[in-house]
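Enquirer: So you can see what is in the structure, the chains are spelled out below.
2 protein chains.
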Amino acid sequence: MHTTDIPIEYDILKKNTEIARENRRLLTEYGVTAFNIMGAIGSGKTLLIEKTIERLGSEYRIGAIAGDVVARIDAARFEKHGVPTVGLNTGRECHLDAHLVRHGLTDMPLDLLDILFIENVGNLICPTDYELGEHRRVVVVSVSEGDDIVEKHPLIFSTADLIIVNKVDIAQAVNADADKMVKDARTINPRIGVLKMSLKTGEGFEDWIDFVKKSHEQYRLANH
Amino acid sequence: MHTTDIPIEYDILKKNTEIARENRRLLTEYGVTAFNIMGAIGSGKTLLIEKTIERLGSEYRIGAIAGDVVARIDAARFEKHGVPTVGLNTGRECHLDAHLVRHGLTDMPLDLLDILFIENVGNLICPTDYELGEHRRVVVVSVSEGDDIVEKHPLIFSTADLIIVNKVDIAQAVNADADKMVKDARTINPRIGVLKMSLKTGEGFEDWIDFVKKSHEQYRLANH
Chain A
1 MHTTDIPIEY DILKKNTEIA RENRRLLTEY GVTAFNIMGA IGSGKTLLIE
51 KTIERLGSEY RIGAIAGDVV ARIDAARFEK HGVPTVGLNT GRECHLDAHL
101 VRHGLTDMPL DLLDILFIEN VGNLICPTDY ELGEHRRVVV VSVSEGDDIV
151 EKHPLIFSTA DLIIVNKVDI AQAVNADADK MVKDARTINP RIGVLKMSLK
201 TGEGFEDWID FVKKSHEQYR LANH
Chain B
1 MHTTDIPIEY DILKKNTEIA RENRRLLTEY GVTAFNIMGA IGSGKTLLIE
51 KTIERLGSEY RIGAIAGDVV ARIDAARFEK HGVPTVGLNT GRECHLDAHL
101 VRHGLTDMPL DLLDILFIEN VGNLICPTDY ELGEHRRVVV VSVSEGDDIV
151 EKHPLIFSTA DLIIVNKVDI AQAVNADADK MVKDARTINP RIGVLKMSLK
201 TGEGFEDWID FVKKSHEQYR LANH
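Line by line, the protein sequences give chains A and B.
Quick note on numbering: the first sequence equals residues 1 to 224 in the numbering used here.
Quick note on numbering: the second sequence equals residues 1 to 224 in the numbering used here.
Hints were generated in silico from the structure; no laboratory data involved.
Honestly, I wouldn't trust all of these hints.
The list cannot tell twin chains apart, which means a pair is met if one copy fits it or any two copies do.
[Unchecked claim] Here are the simulated SDA-like pairs of lysine to any residue, each with C-alpha atoms no more than 20 Å apart in a straight line:
(1) K180 - A71
(2) K183 - A71
(3) K51 - V174
(4) K15 - L199
(5) K196 - G91
Just so it is clear, the structure is predicted and the values come from calculations on it, not from any experiment.
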């Protein structure tokens with residue numbers, strides 16, 4: 001085992017955490033509950049948020065921030081659902097950071113929102129260390145990434161509140177053991193919530209909706 | 001569009017490129033042709049290398065370096081095929097760098113090798129800027145990542161020699177247009193080689209084998 005000489009930049013992370021706290025304070029003041037949705041490319045983050053907007057859009061006022069290295073393809077998908085949307089381009093960076101999200105929040109009508117979904121840049125490594133000001137950290141993984149994907153990326157699961165094991169309907173077809181992924185996540189983080197899901201068949205989706213509602217209720221009650 | 005305040009570290013990149021050149025010189029001296037295999041999690045990088053070892057292992061002397069944030073799951077898969085293998089852990093870094101690879105090369109019997117596959121860490125962002133000393137840069141993408149995956153990550157394709165659009169056998173099932181991905185890659189980089197592939201059905205695999213052989217032949221002839 002050999003780790004690289006290039007150190008993680010402590011000062012950058014410290015500053016990021018400070019701005020993240022300011023973001024969280026601002027969101028909480030406005031009664032907005034924010035979800036940091038992390039996960040690899042193709043895991044189903046965008047579709048999860050789209051379906052959640054469809055399901056809860058009449059009950060809650062939802063906004064979305066879409067992080068991408070370039071373009072605003074995901075942001076355009078959210079906009080189609082008629083919700084306030086901000087697209088954030090990270091350039092060459094492989095994660096959103098609190099500073100970028102603060103700019104995103106400036107463009108958001110926070111007084112008109114209950115829930116904010118922040119879709120992070122697609123990978124399981126870089127977003128780990130960068131808090132954004134979210135109230136809940138969610139990691140979406142797909143069985144098509146291989147059932148060793150969780151044990152290969154322990155750090156991101158160690159700080160997450162919820163792991164969604166997505167596309168369980170094709171687990172057999174891609175020869176993946178979803179239960180192994182669940183077990184790995186719980187070994188890394190015994191307090192993590194776990195949902196096996198298929199956005200195609202609907203399995204697990206209502207449990208997710210329940211998680212979103214309860215999370216929002218909890219923060220709303222704590223601040224009013 | 002808004003880019004982050006945190007700049008990419010020019011000095012680190014410059015130093016990396018220097019070490020990469022040394023690595024390439026060393027590899028070329030030993031007559032070893034190196035392939036930097038990049039691509040997202042689950043795109044099929046490991047399986048591609050495994051199948052290539054199976055197919056070419058009797059004809060060429062092959063070695064493999066597997067980059068991962070933690071563990072050595074992929075390295076163990078290569079070892080099973082009886083080839084010299086080094087596992088490199090990047091810790092929190094989302095890419096291999098030339099310095100790490102230099103350490104990997106130290107543990108490799110270069111005088112006994114013709115071809116070296118270097119499997120990078122799984123994402124389409126961070127590996128872009130870090131040359132390792134490779135002779136060929138290959139990006140593997142899967143149709144299951146969505147057919148907007150290429151246009152979303154133009155930088156990595158702009159410097160690649162070959163893009164492999166993998167899992168084309170399930171393109172219809174996941175509602176992806178493989179030809180759009182090909183077209184996007186060619187728009188970004190008109191000189192890029194393109195292979196549509198299915199490691200399940202074998203489509204495109206012999207073209208890949210041909211690419212590997214020709215690349216090796218080209219560097220062998222240039223240096224003898």
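Enquirer: Look at each hint and say if it fits the structure.
Expert: Now for the hints, and whether the structure bears them out:
1. K180 - A71: Close across copies (17 Å), not inside one copy (36 Å); limit 20 Å.
2. K183 - A71: Between copies only: 17 Å across chains, 36 Å inside a chain, cut-off 20 Å.
3. K51 - V174: Intra 24 Å, inter 17 Å, cutoff 20 Å: inter-copy only.
4. K15 - L199: neither (37 Å within a copy, 45 Å between copies)
5. K196 - G91: neither (33 Å within a copy, 28 Å between copies)
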